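Participant: Spelled out from the first residue to the last, the chains are:
Number of protein chains: 2
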Amino acid sequence: MSQLPQPTGAAITESAVPIRERMEALVRRKQKQICDGIEALETSEKTFGADSWQRGNDGGGGTSCILQNGDVFEKAGVNISVVYGALPPQAIARMKVDHKNLKASTEDGSVKFFACGLSLVIHPHNPHAPTTHANYRYFETWNEDGTPQAWWFGGGADLTPSYLYDEDAVLFHTKHKEALDKYDTTLYPRYKKWCDEYFYIKHREETRGVGGIFFDDFDSKPADEILTIIDTCIDAFLPSYVPTLHKRINMLFTEQEKQWQQVRRGRYVEFNLVLDRGTQFGLMTPGSRIESILMSLPMTAGWLYDHHPEEGSREARLVEVLKSPVEWC
Amino acid sequence: MSQLPQPTGAAITESAVPIRERMEALVRRKQKQICDGIEALETSEKTFGADSWQRGNDGGGGTSCILQNGDVFEKAGVNISVVYGALPPQAIARMKVDHKNLKASTEDGSVKFFACGLSLVIHPHNPHAPTTHANYRYFETWNEDGTPQAWWFGGGADLTPSYLYDEDAVLFHTKHKEALDKYDTTLYPRYKKWCDEYFYIKHREETRGVGGIFFDDFDSKPADEILTIIDTCIDAFLPSYVPTLHKRINMLFTEQEKQWQQVRRGRYVEFNLVLDRGTQFGLMTPGSRIESILMSLPMTAGWLYDHHPEEGSREARLVEVLKSPVEWC
Chain A
0 MSQLPQPTGA AITESAVPIR ERMEALVRRK QKQICDGIEA LETSEKTFGA DSWQRGNDGG
60 GGTSCILQNG DVFEKAGVNI SVVYGALPPQ AIARMKVDHK NLKASTEDGS VKFFACGLSL
120 VIHPHNPHAP TTHANYRYFE TWNEDGTPQA WWFGGGADLT PSYLYDEDAV LFHTKHKEAL
180 DKYDTTLYPR YKKWCDEYFY IKHREETRGV GGIFFDDFDS KPADEILTII DTCIDAFLPS
240 YVPTLHKRIN MLFTEQEKQW QQVRRGRYVE FNLVLDRGTQ FGLMTPGSRI ESILMSLPMT
300 AGWLYDHHPE EGSREARLVE VLKSPVEWC
Chain B
0 MSQLPQPTGA AITESAVPIR ERMEALVRRK QKQICDGIEA LETSEKTFGA DSWQRGNDGG
60 GGTSCILQNG DVFEKAGVNI SVVYGALPPQ AIARMKVDHK NLKASTEDGS VKFFACGLSL
120 VIHPHNPHAP TTHANYRYFE TWNEDGTPQA WWFGGGADLT PSYLYDEDAV LFHTKHKEAL
180 DKYDTTLYPR YKKWCDEYFY IKHREETRGV GGIFFDDFDS KPADEILTII DTCIDAFLPS
240 YVPTLHKRIN MLFTEQEKQW QQVRRGRYVE FNLVLDRGTQ FGLMTPGSRI ESILMSLPMT
300 AGWLYDHHPE EGSREARLVE VLKSPVEWC
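Each protein sequence line maps, in turn, to chains A and B. Residues 0 to 328, numbered by numbering that gives the first Met the number 0, are exactly what the first sequence covers, in order. Residues 0 to 328, numbered by numbering that gives the first Met the number 0, are exactly what the second sequence covers, in order.
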């Protein structure tokens, strides 16, 4: 991890520092922690490589850390990005639905924005080890004269097993519930439900995985309070997932189990390419880094025509749960 | 192929028969011919299985013929569908861009429609053998009282190699050009260009493959004349592709060549899920058969982070051509 740019030094506790700088420092620090935590489980020589990139004509850039084709991890990516510039009118129109304060502030109808986030996806090789994803982000818009217009946080973490071990889902949900409960016990129930709704693959009539938490447009508490909540949520990630990896990554598996994992990964790709708002926003935004956006896609995936798991099988059990989300804790 | 529903008996030459019935008879007949032509090359015991399906509450249905996991063909699908009912206002709004005659004819703002088409995708196992796709369709709308409102044909065929053999692209284009030239020599140049434009993956700045022909909203000649053109185009399909399969399906290949094919298939999936209008229309349409729409997706695909072919390699040559389409004939 020596190539990784160092945190800027702004600490989350220094409240004189603007939120946007504190969020940036936070995601840089967490990126390193998470990469280290995941890398510790990889048994091959593979480590996370870091690619820093800059947006073409616009402001900002990011760092993508990828570990690919390892023995334990088929593909793991932990990205951060800090971008700013003018939001095109098309993007404003979309965002206005949820953000009434948003308005075009420049003559050409654009809005100045700042966005900063951490995004990770981990696809282990073993079909018994679940895929996971987390994303935490801060968004801010302002007027030509520099006065703020709107700001909000979004984020969440979710688990996508091919073979469902209830205890893995329980651990993942419990750790994230505990993180949120420290601040406000109304958050987990709402964000759990939001997660099930957001990751619903309409054309398949099933969710992408067994959920977790998801929230967007979070501006109903003071910004530094929300930043602390997000700090705690990100800290819950490794403890919610790593113990599961320890249990699963050395399990024996059959060719058929690997095949089923490929089918589930196909569904993962369907969600990300057809439905995920972040991916669609990225693909539409000029100058965005496609390889960082699409690092979420698995190294291998497949589509079997009209494949249905056998009744009563473990594969059928998973699909059942994806069709009627469970309260895990 | 014994399970395949028989053609209705309406022949394309009987001009008293409405175009919609003649198109239906045509696609049923061609489906059988194409399945037979492809199946003849498969060396395993696998044959095309036929699934007939009906639309839930709405009119029509279709037959999907799939050969999957063979020795030569990883996945081959030849579908027909004949569907009719009411177009939702949302779909009308989209279609109005190209069809000014379209207007809501019922009180709830919907339009009666009939759509009939043949759609095929063939993914051979060998990375030297190109994937191909063809689709020919007829669309008609009418008023509550049964009077016609608008009609048009659309279609095309295109080739997607992982390793480019110029002669394969030349054959594919030449056969389709010859088919169109019989009726109107202005068609091929326009449809070749349209194909390159339609199958452009904007976020990758490359086309999906080496093109072929593509057209939509074709109503500028008498309907029975267009039907004859389409008949001839579909007949050009097997001669444009099967000779290439004979040359390629027994070629030796390396693990690396197979890997590159997976990357190219990933791009194929990106186009189909993010950009293909037919797929998006299908996924949005209530009651459509998802498995038939998504049969186009390969049995295996992959995403390698930030993969770039070596300069001067065969892989790089392909990408070069995908970035600047070639005039093949």
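Heads up, a few of these hints could be off.
Said to hold, decoys possible - As a list, the in silico EDC-like pairs of lysine to aspartate or glutamate whose alpha-carbon atoms are at most 16 Å apart:
id, chain 1, residue 1, chain 2, residue 2
1, A, K31, A, E290
2, A, K257, A, D70
3, A, K201, B, E290
4, B, K181, B, D144
5, B, K201, A, D230
Simulated from the structure, these hints should not be mistaken for laboratory data. It should be emphasised that the depicted structure is a prediction, and the values quoted were computed from it without experimental measurement.
Participant: Run every hint past the structure and note whether it holds.
Facilitator: Against the structure, the hints:
no.	hint	result
1	A/K31 / A/E290	violated (20 Å)
2	A/K257 / A/D70	holds (15 Å)
3	A/K201 / B/E290	holds (14 Å)
4	B/K181 / B/D144	violated (38 Å)
5	B/K201 / A/D230	violated (36 Å)
In the structure shown, a violation is registered for the earlier hints numbered 1, 4, 5, in ascending order.
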